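Q: These are the residues of each chain, in order.
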Amino acid sequence: MEAIETTASVPAISRLSSHPIWWWLGTFGGAFLGCVLLVAVWAKALDPAAFMEQIHTEGLDGFLPAQAVALIALAVEAALGIALLLGVRRLWVLVPATLLVAFFLSLTGRSWWLAAHGLRSESASCGCFGNLVQRTPSEAFWQDLVLLVPALLIAYVGRERGPRLPLRRTVVAVVGAAVVALFAWKSPALPLDDLATRLRPGAVTKDFCAGADDSRICLDSIVPELKAGRHLVVMAKLDDPQLTKALDDLNHYAGEHRNPTLWVLSPVTPEEKRAFFWKWGPAFEIREAPQELLRPLYRRLPRSFMVENGKVTRTFGGLPPSLIRSERSST
Amino acid sequence: MKLTRFAVPAVLALLAVPFAVSAQGVPSDSVLRGFQPSGEYALIVDGVPVPGAEIYQNDKLPGMLILTSALPSPVLLSPRTQQAETVNLMKVSKQKDGSVDLLADAVLSPVGQFTTEGENVSFVFQGKKVRLNPRPALLGVKSNADLKGYLPDYVRNAKNYTPNAAAIADLKKLGTPVTVRVFFGSWCPHCRQHVPLLLKVEDQVQNPKIRFEYFGLPRDFNVPEAKKAGIHSVPTGIVYVNGKEAGRITGEGWNSPEVLLDRIIAGPPAKAAKGR
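Chains L and B, in that order, are what the protein sequence lines are. Position one of the first sequence corresponds to residue 152 (my numbering), numbered consecutively onward. Position one of the second sequence corresponds to residue 125 (my numbering), numbered consecutively onward.
Derived by calculation from the structure, the hints in this document are not laboratory data. Any given hint might turn out to be false.
[Stated by the list, open to error] Residues on chain L that point at chain B, a partial pick, calculated with CB under 8 Å:
1) PRO339
2) ARG367
3) CYS369
4) ILE373
5) PRO375
6) ALA379
7) PRO418
8) GLU422
9) ALA426
10) PHE428
11) TRP429
12) GLY432
13) PRO433
14) PHE435
15) GLU436
16) ARG438
[Claimed, not checked] Here are the simulated lysine-lysine pairs, DSSO-like style, with alpha carbons at most 27 Å apart:
17) LYS430/L <-> LYS388/L
18) LYS424/L <-> LYS333/B
19) LYS252/B <-> LYS430/L
20) LYS253/B <-> LYS378/L
21) LYS424/L <-> LYS272/B
22) LYS184/B <-> LYS462/L
23) LYS333/B <-> LYS378/L
24) LYS297/B <-> LYS272/B
25) LYS283/B <-> LYS357/L
26) LYS296/B <-> LYS333/B
27) LYS430/L <-> LYS296/B
28) LYS357/L <-> LYS378/L
29) LYS388/L <-> LYS368/B
30) LYS283/B <-> LYS424/L
31) LYS378/L <-> LYS184/B
32) LYS253/B <-> LYS424/L
33) LYS253/B <-> LYS430/L
34) LYS272/B <-> LYS283/B
35) LYS351/B <-> LYS266/B
36) LYS388/L <-> LYS337/L
37) LYS396/L <-> LYS283/B
38) LYS462/L <-> LYS283/B
39) LYS272/B <-> LYS184/B
40) LYS252/B <-> LYS272/B
None of these values were measured; they are calculated from a predicted model. Think of the CB as a built atom: it goes at the ideal place given N, C-alpha and C, for glycine as much as any other residue.
With the rest of the complex left out, here is chain L (with noise of 0.2 Å):
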């Protein structure tokens, strides 16, 4: 703790708000603050793709390219939360922190509005904590809010006062703002879609759903079949060369009937399902699933996940390796 004043010059207020109780309040509004600050940067730097295509949504990519204004916004986002983390709670921390909170705040408002309004999808909200948290944009709104909010203004009480910058915490938020930034630029390439998704082994496919209420889509309505047996799915576009180029050793996968049954999820509409059909003759159930529904699973199409009796047993970054090898094999 550095420059507490206690001095009798200073307003009753403040001598009031610079009681121990008061210091501890706040130490711990802001420790609550940073540490939700940092959860929600974890999130969108495990999965920057996610985090670029909504600040793209949110027309937030005017001036600079999306991947830039996610780096930016990710590196002040983390040194704000490891500076309150570290219980650096003056000024030029707060009043950034309050600006950042209200600009999430106007994010998911504006996103609950649209929602309401039908002029964006129930299931989308605005991205704070990346793919981890399946939110719609009212939970969105009244979580940030409730999370945000009353830690912001109890970070603000007892908080320190006077010229001295705390140097050796500030260089650490530096520091680490710059570590976070480079991991974001760098997590795309790392085989983190385990963790950066909901798609992970062990997890169940009933519990894969998007939307509220009415518009409520569940990946087991989509593929039913998966509640039992074993299943390889693959999720794809279909306009992918990735898949194109596998297609043969895809149907010759569906073809072997000792193996798991094959399925390719897709965000395509019937016409163009219909298409592909003609065109490249699969020999594997292709199922229309919502965009809403599949892009919490993964961070880069294509991805493939095994399931066993409605639960995930395996995932894989792309095509499953084994059908990648035939695929060499037979060039």
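Chain B: place on chain L using the hints.
A: Just chain B now, with coordinates in the frame of chain L:
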């Protein structure tokens, strides 16, 4: 009409199809089997729609088999080779489950290449211009039989569903007038999974007090009935008890619609449905 030249023998042969196996004692082909009825396409021969054409799809081959009296013999379309081939009708065997197999001794004779334009397929067979076009959406108020007749997938999925016996028993005993109006899209893949479950429920309930009707919507939902009912997604089932909306079957409620329907009718209204 030129088609009549083929019609009589083809119809007679079609009638003989179910007996092909027993008559010949030949087993089904190990590969060319399991063609399932498909409601995705309409057949057009020389510019004239052929309403009674039977079109079967096999996702494993993959391939599409056309059985119709408008063509001299069945035609098999294979997307991988882009080939149309013909097969003797006597080598086509209809199975009890509604699927179709080719017999092991079936011989495929090439008709020629077919061409595709997106999702449309066309080829020439003995001078006839044959087209397979996606069927238009089913629109407006329809019955259980309409849906099953139009979309064979619905028949298949209804057959595979076992409704909750207690809920069915409750619905059978019901004395209050109830109307269940289901807004659906024949183009919608989720409706294909869910609506057949309610068709099965309707088949089992057989209670004149409960009226089921199915309203087919276009892709943009842009019809007054959908706007008036506030339909944002399909399928949505609206349950009217004594003429008043009592609740809706939506989202996960479709996993066992009879249970939710029973609960809505029993009340409390509206909230029970939304809570699903």
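Q: Take the hints in turn and mark each one as holding or not.
A: Quick rundown of the hints versus the structure:
1. PRO339: Interface hint status for PRO339/L: violated (31 Å vs cutoff 8 Å).
2. ARG367: holds (4 Å)
3. CYS369: Holds. Min distance 7 Å.
4. ILE373: holds (7 Å)
5. PRO375: holds (6 Å)
6. ALA379: violated (12 Å)
7. PRO418: Violated, about 12 Å.
8. GLU422: At about 5 Å, which falls below the 8 Å cut-off, the nearest Cβ of chain B leaves the hint on GLU422/L intact, so it holds.
9. ALA426: Holds, about 5 Å.
10. PHE428: holds (6 Å)
11. TRP429: holds (4 Å)
12. GLY432: holds (3 Å)
13. PRO433: Nearest chain B Cβ about 6 Å off; hint holds.
14. PHE435: It holds, given that the least Cβ distance between PHE435/L and chain B is near 7 Å, below 8 Å.
15. GLU436: Since chain B brings a Cβ to about 5 Å from GLU436/L, closer than 8 Å, the hint holds.
16. ARG438: The hint holds - ARG438/L has a Cβ within 8 Å of chain B, the shortest such distance being about 7 Å.
17. LYS430/L <-> LYS388/L: With a Cα-Cα distance of about 15 Å, the restraint between LYS430/L and LYS388/L holds, given a limit of 27 Å.
18. LYS424/L <-> LYS333/B: Given that 27 Å is the threshold and the Cα spacing comes to 41 Å, the pair is violated.
19. LYS252/B <-> LYS430/L: holds (23 Å)
20. LYS253/B <-> LYS378/L: Roughly 44 Å separates the two Cα atoms, so the pair is violated.
21. LYS424/L <-> LYS272/B: Cα-Cα ~22 Å, so holds.
22. LYS184/B <-> LYS462/L: Given pair LYS184/B, LYS462/L holds - Cα atoms ~25 Å apart, limit 27 Å.
23. LYS333/B <-> LYS378/L: Violated, at about 35 Å.
24. LYS297/B <-> LYS272/B: Measuring from Cα to Cα gives roughly 26 Å; hence the hint holds.
25. LYS283/B <-> LYS357/L: It holds: about 22 Å lies between the C-alpha atoms, which stays within 27 Å.
26. LYS296/B <-> LYS333/B: Holds: LYS296/B and LYS333/B sit about 9 Å apart, inside 27 Å.
27. LYS430/L <-> LYS296/B: Distance of about 49 Å is beyond 27 Å: violated.
28. LYS357/L <-> LYS378/L: holds (8 Å)
29. LYS388/L <-> LYS368/B: violated (44 Å)
30. LYS283/B <-> LYS424/L: Roughly 25 Å between the alpha carbons, so the hint for LYS283/B and LYS424/L holds.
31. LYS378/L <-> LYS184/B: holds (21 Å)
32. LYS253/B <-> LYS424/L: Holds, because 24 Å separates the two Cα atoms, which is no more than 27 Å.
33. LYS253/B <-> LYS430/L: holds (20 Å)
34. LYS272/B <-> LYS283/B: holds (11 Å)
35. LYS351/B <-> LYS266/B: Roughly 18 Å between the alpha carbons, so the hint for LYS351/B and LYS266/B holds.
36. LYS388/L <-> LYS337/L: Satisfied, since the Cα-Cα distance of roughly 24 Å is no more than 27 Å.
37. LYS396/L <-> LYS283/B: Violated: LYS396/L and LYS283/B sit about 37 Å apart, past 27 Å.
38. LYS462/L <-> LYS283/B: holds (26 Å)
39. LYS272/B <-> LYS184/B: holds (24 Å)
40. LYS252/B <-> LYS272/B: violated (30 Å)
Hints 1, 6, 7, 18, 20, 23, 27, 29, 37, 40 from the list above are not met by this structure, while the remaining hints are.
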